[in-house]
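Asks: Read off the chains here:
There are 2 protein chains.
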Amino acid sequence: MDALPETRSRTQRIADTKRRLTEDIDAWIASAQPVTGEAYLVPLCFWWDGETILISTMVDSITGRNLRDNPKAEFSLDGTRDVILIRSTVETLTVDQLRPGEADKFAEYTHFDPRNEPTDHHYFRLNPYRIQAWREVNELKGRTIFRDGSWLD
Amino acid sequence: MDALPETRSRTQRIADTKRRLTEDIDAWIASAQPVTGEAYLVPLCFWWDGETILISTMVDSITGRNLRDNPKAEFSLDGTRDVILIRSTVETLTVDQLRPGEADKFAEYTHFDPRNEPTDHHYFRLNPYRIQAWREVNELKGRTIFRDGSWLD
Numbered sequence: 003m004d005a006l007p008e009t010r011s012r013t014q015r016i017a018d019t020k021r022r023l024t025e026d027i028d029a030w031i032a033s034a035q036p037v038t039g040e041a042y043l044v045p046l047c048f049w050w051d052g053e054t055i056l057i058s059t060m061v062d063s064i065t066g067r068n069l070r071d072n073p074k075a076e077f078s079l080d081g082t083r084d085v086i087l088i089r090s091t092v093e094t095l096t097v098d099q100l101r102p103g104e105a106d107k108f109a110e111y112t113h114f115d116p117r118n119e120p121t122d123h124h125y126f127r128l129n130p131y132r133i134q135a136w137r138e139v140n141e142l143k144g145r146t147i148f149r150d151g152s153w154l155d
Numbered sequence: 003m004d005a006l007p008e009t010r011s012r013t014q015r016i017a018d019t020k021r022r023l024t025e026d027i028d029a030w031i032a033s034a035q036p037v038t039g040e041a042y043l044v045p046l047c048f049w050w051d052g053e054t055i056l057i058s059t060m061v062d063s064i065t066g067r068n069l070r071d072n073p074k075a076e077f078s079l080d081g082t083r084d085v086i087l088i089r090s091t092v093e094t095l096t097v098d099q100l101r102p103g104e105a106d107k108f109a110e111y112t113h114f115d116p117r118n119e120p121t122d123h124h125y126f127r128l129n130p131y132r133i134q135a136w137r138e139v140n141e142l143k144g145r146t147i148f149r150d151g152s153w154l155d
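If you read the protein sequences in the order shown, they are chains A and B.
3 is the number of the first residue of the first sequence in our numbering; add one for each residue after it.
3 is the number of the first residue of the second sequence in our numbering; add one for each residue after it.
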């Protein structure tokens, strides 16, 4: 087996995580159906405003219904050997409930504009309450880098 | 935006999916806690025997408990622009309940041997009942390539 990469400091992990949140466009969203308890997983594009994550999907899709009815999500950037895993509460929003300019920023960043889609879409604001970052087993210790609304010191 | 890649036939998607299942080592596993309905997402290594997917994690981990108590999983290979999404039922197994030679094959393929871990691990056999494969929006139509135990014609 290859040697493990060097274990990053928390400061480095936080810097790497913020960079990827401002460079990546797609992520995995896991949600669950509140009655049947069935997990669901899809890739969706996102926009990070520095504090919260905005995604959008069809009102009537499984993810759209799960997030509305059971407003908790697991969000992960791509890359099973550079894991950035974000646990969030979720607000379901119509386009009119977004902040000024936000729908434009989302469309510009993701190249996907739900306002132009033929089917009804909701936006979902993910409010992170725990972020973990690790690459290999040597980084499992210390993987939590954000908790209860704050980056750890 | 870049032009979309050519839309693959179902035959091609099935071939690509089988190839990735025999080459990839890591995947995303989404599970849900049956009472709170909380989704959980982790990367884990896997071994594909041609029909089922074997994974392993700690008996007392969140994923380990979720899969045992709520035996349904969403499994996805890495790559948000080359999606292979597998919905499965799940059997929880001890090492003694594996088929002859299976624990060795798992360890050899994944370079991870739960038998050598200091904490108790379960194996989980994922029995796929739906597999979807798509790269970009032009492949959303026809993305289901396996249903009810069979690859589609």
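The reader is advised that the hints may include incorrect statements.
Identical copies look the same in the list; a pair holds intra-copy or inter-copy alike.
Calculated lysine to any residue pairs in the SDA-like style (CA-CA distance at most 20 Å, straight line) [unchecked claim]:
{"hint": "1", "residue 1": "K143", "residue 2": "P73"}
{"hint": "2", "residue 1": "K143", "residue 2": "R132"}
{"hint": "3", "residue 1": "K143", "residue 2": "P45"}
{"hint": "4", "residue 1": "K143", "residue 2": "T121"}
{"hint": "5", "residue 1": "K74", "residue 2": "T38"}
{"hint": "6", "residue 1": "K74", "residue 2": "I64"}
{"hint": "7", "residue 1": "K143", "residue 2": "P102"}
Read the hints as simulated data drawn from the structure, not as lab findings.
Asks: Each hint should be assessed against the structure and marked as holding or not.
Replies: Checked hints:
1. K143 / P73: Answer is neither; intra-copy 29 Å and inter-copy 28 Å both fail.
2. K143 / R132: Within. Shortest intra-copy distance 15 Å satisfies the 20 Å Cα cut-off; inter-copy 35 Å does not.
3. K143 / P45: between (27 Å within a copy, 16 Å between copies)
4. K143 / T121: Intra 44 Å, inter 16 Å, cutoff 20 Å: inter-copy only.
5. K74 / T38: Both: 15 Å inside a chain and 10 Å across chains, each within 20 Å.
6. K74 / I64: both (14 Å within a copy, 16 Å between copies)
7. K143 / P102: Intra 40 Å, inter 35 Å, cutoff 20 Å: neither.
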